[in-house]
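If you want the building blocks of each chain, they are given just below.
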Amino acid sequence: MLRGKANAPAPPEIGEDAAVSAAALEAVFQGCYDFEARDVNIGGDTQRKARLCFIDGLVSGSDVAQQVIRPLTDPGRFGDVRDGGAVIEMLLGGSVYVYTAKRRDKLGPLAGDLLNGFCALIFDKERTAVTFEVKSPQRRSVDAPKEEKVIKGAKDAFVETMKVNTTLVRRKVRNPHLKIKSFNLGRRADTAAALVYIEGFTNEGIVAEAARRLEGIRAEGVLTSAVIEENIVDNPRSPFPQIISTERSDKFCMNLLEGRVGIFVDGLPLGFLAPGTFSQFMKVPEDHAGHFIVASALTLLRYMAVFLTLLAPAFYVAVAMYHQEMIPTRLMQSMIEARASVPFPTALEVILMLLAFELLQEAGIRLPSPIGETVSIIGALIVGQSAVEASVVSPVVVVVIALAGIAGYTMPNQDMGSALRLCRFLLVLAAIALGMFGVATASAILTWHLAGLESFGVPYMSPFAGSEGRHLSRALLRRSMTVKRDREPELKTGGGGEAKL
Amino acid sequence: MKKAVCVCLALAVALSLTGCSGLTIFSNYRRLENIELVRTVTVDSQGGGGVNVSVYGTAGEQSEARMYERSGPSVGVAMGKLLLMPLGREAILSHTEALLMGEELAKESIRECLDYVERFSEMRLDTGVLIVRDGTARDLLAGLSGADTPASDTIAGLGRNIARVGEGYFFTAREIASSLADNGCALVQCVRGVEEEKLFEERGELNLEPAGFAVVREGAVCAYLTDQETLGAILLLGKYKSRNVDLALPGAAVTVSVDLAQTELEPVFDREGRLTRLRVRLSLRANVINVAGMADITDEAVRRTCEEALTEQMTGAVRAAVRRGQELALDYLDLEGAIRRKAPLKTADMPDAWQDIFPLLAVDVEGKSVLARTYDIADPPELFGKEDKNPWEKLIESLKGS
Amino acid sequence: MGKTDRITERQLSVLIFVSLLSPMIRILPASAVLFAGRAAWLSTALALPAGAALVGFTRWARKNAPEEMGLADMALAGLGPVAGRVFDILCALWLTFYGGFIARSAAERLLATVYPNGNTPVFIVVMLAVALFTASGLTKTLSRTAEILMPILGAVIAVVLLSALPDVSAGNLLPVTYRDLKAMAYGALPIFDVMAASGYFLFLAGRVRRPKAQKPNAFPWLILLAAVAFGVTFFTLGTLGEKLAVSMENAFFMVVRNIKVLGVVERMEAVVVTVWIVTDFIFLAAVLMIVAEIWRTVTGAKKRAVFVAPSAALSGAAAFLVAGNAFAFQRWSDFIVPAVNLLLAAVLIPAVMAVGKLRRRY
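Protein chains in written order, with this note's numbering: chain A, 1 to 501; chain B, 1 to 402; chain C, 1 to 362.
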């Protein structure tokens with residue numbers, strides 16, 4: 001039983017504009033065990049003190065001690081400075097060895113700095129504080145991406161620390177016009193976010209719209225990617241992803257250079273890119289690493305896989321239930337033979353196998369890595385084989401479902417793969433209800449749905465639709481790198497933003 | 001508004017998942033395991049206007065093929081009865097490869113069968129149509145069913161092979177219907193059963209062999225073509241891949257394979273625009289595949305003799321096929337169409353109707369044959385009646401001597 | 001962002017192309033062969049210039065019209081508020097009926113080809129429900145749907161036609177001489193009838209963006225439509241012959257039933273029939289959208305979506321009531337509907353546009 005009333009009075013709000021004082025700050029963080037406050041003698045003089053405040057865990061203790069306390073207490077440095085204001089100026093001027101120092105005279109920003117890994121020196125008399133960035137170096141190191149396999153590319157994936165991510169981008173896109181605009185999102189978590197774009201190149205309308213949507217997020221905090229994705233996309237009810245999310249810094253930068261805006265959120269090891277179109281979700285950075293002919297063939301294979309994963313089970317159901325005339329005679333005979341001892345109707349067989357496939361997949365994801373892989377493999381082999389031997393399902397169904405499943409796994413983007421898996425179920429239901437007519441109906445509705453999606457004003461299905469039939473080859477094939485690459489016309493990029501000023 | 005539309009749509013689809021008649025397509029649903037795959041259908045006359053229909057089907061690869069038969073006043077009724085098969089199975093006709101009709105029925109009319117194939121949505125127009133001679137179609141199918149090879153495979157195998165070797169052609173329902181509609185007549189392949197001798201068994205296995213073409217007029221068989229006439233028809237219609245022909249020469253027999261037979265028609269019109277004559281030029285290309293006896297095929301004179309013999313045989317066949325059509329007053333070779341394509345305006349301006357001209361039309365058939373090659377062997381092997389011994393014998397003798 | 005419902009001329013052309021595949025397969029090749037016999041496969045060559053002339057005329061008539069002016073507005077401007085409304089309402093009523101006819105025609109085709117034991121109501125209900133859903137949306141969504149599906153349709157048509165090539169017999173297509181020109185011209189009428197139906201889409205012309213420098217985009221699509229008409233007629237006539245092609249209800253699908261793709265995949269009529277159903281969906285949705293657009297213009301309403309549901313309901317009633325059985329429906333399909341379409345789309349609509357143009361109303 002939860003104690004406390006649901007509508008208990010809210011704690012006193014931090015007055016954003018309240019004056020700075022140590023007492024006020026300590027009152028704000030009252031009850032927080034990790035909030036530390038101590039007096040520091042300026043220039044070693046016990047009569048002149050400043051209050052040092054920080055949040056333990058967010059700051060580097062050694063940096064605080066060496067970079068802030070030590071120079072501040074040095075009589076040789078501050079011994080003769082009597083005026084608090086002069087001390088403040090010296091601090092801001094570099095007398096302590098910290099590369100970021102800010103003056104704060106409002107309580108709100110001061111508290112915000114503490115939460116961002118700063119320590120604060122509060123001068124009550126001057127009603128001013130100086131904050132120093134002494135963030136703890138504890139962070140996950142840059143490693144290879146875990147969710148997006150890299151065969152022939154950079155292996156520096158994004159981490160949870162936004163600054164590291166922006167650094168990775170800066171190293172790849174050395175362009176003075178690369179802008180990183182910061183935001184604070186979430187009413188209670190105040191999560192740092194950044195909008196990344198190339199000024200003069202990225203379409204201003206997209207940038208402005210992205211900024212507007214980020215500022216419009218009304219969530220309590222941005223701790224998961226869905227908060228960003230569902231709040232800023234045009235059609236949050238569609239299961240199809242409409243912004244690209246990636247762990248890979250090379251993919252992120254490639255998309256920036258194509259005219260997209262990027263978004264980082266502190267705490268999420270992902271970079272988001274908008275607008276996202278269907279054809280973008282079919283591409284992998286390896287397409288630009290291998291030969292263009294091979295890359296083109298693999299891209300076409302992926303599109304074929306989309307049709308296979310969506311339509312194979314539904315097609316099988318429709319044909320086996322209603323349109324047996326389509327099955328060649330020999331195959332028909334072996335299918336009749338195979339199904340002779342199967343007790344379930346075709347529809348149930350297919351749905352059971354699809355569900356089993358999904359369950360195995362979920363189990364494989366949830367379990368720890370070594371066990372999960374083993375469970376998936378064993379489950380697939382044993383369950384599939386046993387089911388066939390026990391005549392619970394026929395071998396053809398196992399083959400069809402496995403083919404559809406494997407085709408689904410070729411999707412470069414997991415969100416797209418998940419959306420296709422969901423649509424696969426709906427198509428199977430349509431096939432059960434109405435045969436090939438049902439498949440055609442459901443496919444038409446799905447196509448209509450995709451045709452209606454837009455991502456930041458760009459048609460989701462461009463260049464297949466809404467692009468005047470041009471640049472279709474861009475989606476399906478990769479041209480040689482020796483050929484001048486045109487920018488994506490639907491992103492309406494500008495002519496500027498070159499690396500050289 | 002859109003929500004209401006979505007709900008209506010969902011309801012519409014959901015309703016179609018129920019068993020409500022009229023709102024579902026479940027009446028088209030078949031369980032695969034209950035299907036009896038019919039590959040051959042036979043129809044025989046029962047006398048007195050009725051028909052006897054039998055189907056030959058399999059339930060699966062390993063299961064035994066079965067034959068079922070029913071009678072009825074019409075093909076449709078009899079087929080309907082066949083749907084009530086024993087063992088709860090459901091026959092589907094969409095995989096039917098051949099429709100066999102008994103000779104008696106064919107003499108009465110084949111229209112009903114063709115109509116059933118055309119109208120019934122399960123059946124296909126590319127179903128081969130055959131007439132069974134010297135017996136009923138049902139008996140032939142029953143006889144074939146007893147063999148190791150399924151009857152349907154035997155029939156399908158014959159269909160593939162006879163076109164390949166130029167012994168005949170399985171006209172499809174579409175071709176027959178189209179020909180009947182356009183020309184009022186058509187050709188249909190005939191087959192008959194032959195008993196193959198088997199060692200240590202009283203009765204041999206029944207096999208299938210082609211039995212020439214039947215000529216159908218106004219939906220009923222009116223005549224059968226002889227082997228020579230059938231060959232002529234095959235050549236003129238181009239329904240072959242190759243045809244082996246035996247040529248009798250003095251002291252030898254040569255077998256050639258004709259792989260190309262081009263026909264050129266030249267209609268001859270008089271000043272009034274009447275069609276007086278039709279010249280048929282046959283160009284043949286053949287390859288020597290067998291030489292029996294003392295014939296040196298590398299000799300140009302021998303080859304010329306072969307070519308002449310081949311020409312005579314083939315032109316004779318074409319002549320016979322055309323003459324038979326004239327006797328029957330049936331243009332089953334669609335010579336009118338060929339002449340029309342050759343001289344469309346003159347044909348359109350002919351004062352007399354084709355049906356009146358054709359039976360009395362003078363048809364000259366000329367031909368030219370070329371022996372193209374004899375494959376690997378250039379000289380005939382010196383086996384008999386020559387003084388020189390076999391080189392191996394010479395070698396063995398020389399070794400013995402040493 | 002992206003909330004305006006405007007399309008380009010190309011998108012409208014693609015929408016028209018995909019939509020007109022639906023009536024094309026109903027009319028061809030039987031109607032063309034009935035008039036032109038063996039020469040029907042060449043009738044497309046005569047229909048194309050007529051179709052091009054009609055398209056050219058509509059371009060000329062709309063040249064100086066404001067971009068937002070659709071045909072309904074043009075009728076009001078050209079004929080006056082009363083006569084214009086009468087014309088618009090007449091078109092709306094006819095198209096409402098035509099929508100039901102499309103649904104019924106598709107259902108009958110499904111029953112005749114791949115669902116022999118089915119019932120028309122289920123197909124009609126589902127089709128109208130889907131069309132209602134899509135017609136309530138934006139024009140640009142429907143046109144993009146057509147753009148996406150067009151390559152798939154094209155691929156299926158190409159595969160089917162090429163696979164039917166081995167069965168084509170020259171004897172069914174030749175000879176054709178200059179004397180057949182008159183018959184060919186008659187045979188061109190059904191094909192022109194199909195092309196003329198593109199005139200209904202002028203009611204959506206107010207949604208089309210017309211940048212000044214843009215080259216005309218409609219003619220390539222007209223040629224493509226003519227090419228498909230030619231292919232369907234050529235291959236069906238070449239395979240079945242004159243008499244069979246005329247006697248069969250769905251001659252093209254009979255041909256499809258007997259083809260083998262690469263000698264391996266056979267009996268694919270279920271796939272082809274249901275792929276063609278997609279064109280019926282799009283045409284039906286477009287027609288409902290057009291009807292709603294007309295009513296919006298006539299009543300001065302702000303949104304057209306409110307008119308879609310009642311129109312769909314009336315179309316549904318028409319689909320069920322138009323004919324009691326397939327025989328009666330065939331009469332509508334062979335004679336009445338093509339005749340009215342020709343009169344309305346090829347005569348009345350151009351006449352109305354010409355009147356407005358001559359009176360310098362636009």
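Treat the hints with care, since some could be wrong.
In silico DMTMM-like cross-links for lysine to aspartate or glutamate, where the CA-CA straight-line distance does not exceed 25 Å [as the list claims (entries may be wrong)]:
| hint | chain 1 | residue 1 | chain 2 | residue 2 |
| --- | --- | --- | --- | --- |
| 1 | C | Lys243 | B | Glu118 |
| 2 | C | Lys243 | B | Glu112 |
| 3 | C | Lys243 | B | Glu64 |
| 4 | C | Lys243 | B | Asp126 |
| 5 | C | Lys182 | B | Asp182 |
| 6 | C | Lys260 | B | Glu108 |
| 7 | B | Lys241 | C | Asp5 |
| 8 | C | Lys243 | B | Asp148 |
It should be emphasised that the hints constitute simulated quantities derived from the structure, not laboratory data.
Quick caveat: nothing in here was measured; it's all calculated off a predicted structure.
- Message: Are any of the numbered hints broken by this structure? If so, which, sorted upward?
- Response: Hints 3, 6, 7 and 8 contradicted; others consistent.
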